[in-house]
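*Asks:* Letter by letter, the chains look like this.
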Amino acid sequence: QKEVEQDPGPLSVPEGAIVSLNCTYSNSAFQYFMWYRQYSRKGPELLMYTYSSGNKEDGRFTAQVDKSSKYISLFIRDSQPSDSATYLCAMSAGGANSKLTFGKGITLSVRP
Amino acid sequence: DVKVTQSSRYLVKRTGEKVFLECVQDMDHENMFWYRQDPGLGLRLIYFSYDVKMKEKGDIPEGYSVSREKKERFSLILESASTNQTSMYLCASSTRLPQETQYFGPGTRLLVL
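As you go down the protein sequences, you meet chains A and B in turn. Heads up: the first sequence at position 58 corresponds to 58 in my numbering, and the numbers run straight through without jumps. Add 112 to a position in the second sequence, counting from 1, and you land on the number used in my numbering.
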């Protein structure tokens, strides 16, 4: 079993839709959870960051972590064509010099 | 504003050539990382460095080496480029704090012919 599994894509939705992106993981030591957004031919940029379980909201974006189920989600409300990108989940156990473990990414297309 | 820069956006090299990819960060970060990104395989860690002159192998170090002579600069070296090293190469940096995440450069798209 891979350490981090991310829903395969691609995903295409109409503008204004609510988007749900998900990752599951197997390492119970993970406690820092991130979502990166990567536009075509660019490097990933940090979108959302959550420590341990719970929800975090930033504008139209909500990150959710359920450590008991080893499941994290990113919700995008009122999706826009500018949200079209690849979304990667990432997580780490913390500790000095800890590495990130990434999901493979899912490509989202928001149709006008 | 955080800044990670990579020396080239696009690079075309011949099989057998020695290739240098340079990464510079201006955030005084201790940690630096090199990844490659391929369709269907996601981001894979090649090498990372926790400090000047220190390096650690990542998940796929074969065919690569690295150099970190200064804190802000981390170089990836392909000793003898091969076609299967055609990929997008991404550099990242971070602090040592466990709650700090990684900041990525724009990437170098390398084509080996």
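Please note that the accuracy of each hint is not assured.
[What the hints assert, rightly or not] Derived BS3-like pairs (lysine-lysine); straight-line CA-CA distance at most 30 Å:
#	chain 1	residue 1	chain 2	residue 2
1	A	K56	A	K67
2	A	K99	B	K169
3	B	K167	A	K99
4	B	K169	B	K115
5	A	K56	B	K183
6	B	K182	B	K125
7	B	K183	B	K169
8	B	K169	B	K130
9	B	K130	A	K70
10	B	K183	A	K2
11	B	K183	B	K167
12	B	K183	A	K99
13	A	K42	B	K167
14	B	K167	A	K2
15	A	K2	B	K125
16	A	K42	B	K115
17	A	K2	B	K182
18	A	K99	B	K165
19	A	K42	B	K169
20	B	K182	A	K56
21	B	K182	B	K115
22	B	K115	B	K167
23	B	K169	B	K182
24	A	K67	B	K165
25	A	K2	A	K42
26	A	K70	B	K125
27	A	K42	B	K130
28	A	K56	A	K2
29	B	K130	B	K183
30	B	K165	B	K183
31	B	K165	B	K182
32	A	K56	B	K115
33	B	K182	A	K99
34	A	K99	A	K42
Derived from the structure by calculation, the hints contain no laboratory data. What you are looking at is a predicted structure, and each value in this text was computed from that prediction instead of being measured.
*Asks:* Compare the structure with each hint and give your call.
*Replies:* How the hints compare with the structure:
For the proposed pair K56(A) and K67(A), the alpha carbon gap of about 14 Å is at most 30 Å, so the pair holds. The suggested pairing of K99(A) with K169(B) holds, with an alpha-carbon distance near 12 Å, which does not exceed 30 Å. Proximity of K167(B) to K99(A) is assessed by CA-CA distance (about 13 Å); at most 30 Å being required, the pair is judged to hold. Between K169(B) and K115(B) the alpha-carbon distance is near 24 Å, which keeps this suggested pair within the 30 Å criterion.
Taking the CA atoms of K56(A) and K183(B), the gap is about 34 Å. The hint is violated against a cut of 30 Å. Restraint check for K182(B) and K125(B): satisfied, since their Cα atoms lie roughly 26 Å apart, inside the 30 Å limit. The straight-line distance between the Cα atoms of K183(B) and K169(B) is roughly 18 Å, inside the 30 Å bound, and the hint therefore holds. For a cut-off of 30 Å, the pair hint linking K169(B) to K130(B) stands: about 20 Å separates their Cα positions.
At most 30 Å may separate the alpha-carbon atoms for a hinted pair to count; K130(B) and K70(A) exceed this at roughly 43 Å. For the hint pairing K183(B) with K2(A), the CA-to-CA distance comes to about 33 Å; that exceeds 30 Å, so the pair is violated. Proposed proximity of K183(B) and K167(B) is supported: the alpha carbons are some 12 Å apart, at most 30 Å. A threshold of 30 Å between alpha carbons decides the hint, and for K183(B) with K99(A) the separation of about 18 Å falls inside it, so the pair holds.
A threshold of 30 Å between alpha carbons decides the hint, and for K42(A) with K167(B) the separation of about 26 Å falls inside it, so the pair holds. As the CA atoms of K167(B) and K2(A) are separated by approximately 25 Å, the hinted pair is consistent with the 30 Å bound. With a C-alpha separation of about 33 Å, the suggested pairing of K2(A) with K125(B) is violated against the 30 Å cut-off. Of the pairs offered as hints, the one joining K42(A) and K115(B) holds, with about 14 Å between alpha carbons and a cut-off of 30 Å not exceeded.
About 35 Å separates the Cα atoms of K2(A) and K182(B), which puts this hinted pair outside 30 Å; it is violated. The hinted pair formed by K99(A) and K165(B) meets the criterion: a straight-line CA distance of about 18 Å does not exceed 30 Å. Pair hint K42(A) plus K169(B) holds up; C-alpha atoms about 25 Å apart against a cutoff of 30 Å. For the proposed pair K182(B) and K56(A), the alpha carbon gap of about 37 Å is over 30 Å, so the pair is violated.
For the given pair, K182(B) sits about 16 Å from K115(B) by alpha-carbon distance, which is consistent with the 30 Å threshold. Between K115(B) and K167(B) the alpha-carbon distance is near 22 Å, which keeps this suggested pair within the 30 Å criterion. At roughly 19 Å between alpha-carbon atoms, K169(B) and K182(B) fall within 30 Å of each other, so this suggested pair holds. About 37 Å separates the Cα atoms of K67(A) and K165(B), which puts this hinted pair outside 30 Å; it is violated.
In summary, the hint linking K2(A) to K42(A) is supported, as the alpha carbons are separated by about 26 Å, within the 30 Å threshold. A threshold of 30 Å between alpha carbons decides the hint, and for K70(A) with K125(B) the separation of about 43 Å lies outside it, so the pair is violated. For the suggested pair K42(A) and K130(B), the alpha carbons sit about 25 Å apart, so the restraint of at most 30 Å is met. Restraint check for K56(A) and K2(A): the C-alpha separation of about 26 Å stays at or below 30 Å, so the hint holds.
With a C-alpha separation of about 23 Å, the suggested pairing of K130(B) with K183(B) holds against the 30 Å cut-off. For a cut-off of 30 Å, the pair hint linking K165(B) to K183(B) stands: about 9 Å separates their Cα positions. For the hint linking K165(B) to K182(B), the alpha-carbon distance of about 8 Å falls within 30 Å, and the restraint holds. Taking the CA atoms of K56(A) and K115(B), the gap is near 25 Å; set against the 30 Å cutoff, the hint holds.
Under the criterion of a C-alpha separation no larger than 30 Å, the hint pairing K182(B) with K99(A) is consistent with the structure, at around 21 Å. Distance restraint check for K99(A) and K42(A): the Cα-Cα separation of roughly 21 Å lies within the 30 Å cut-off, and the hinted pair is therefore satisfied.
Checked against the numbered hints above, the structure breaks hints 5, 9, 10, 15, 17, 20, 24 and 26 and satisfies the rest.
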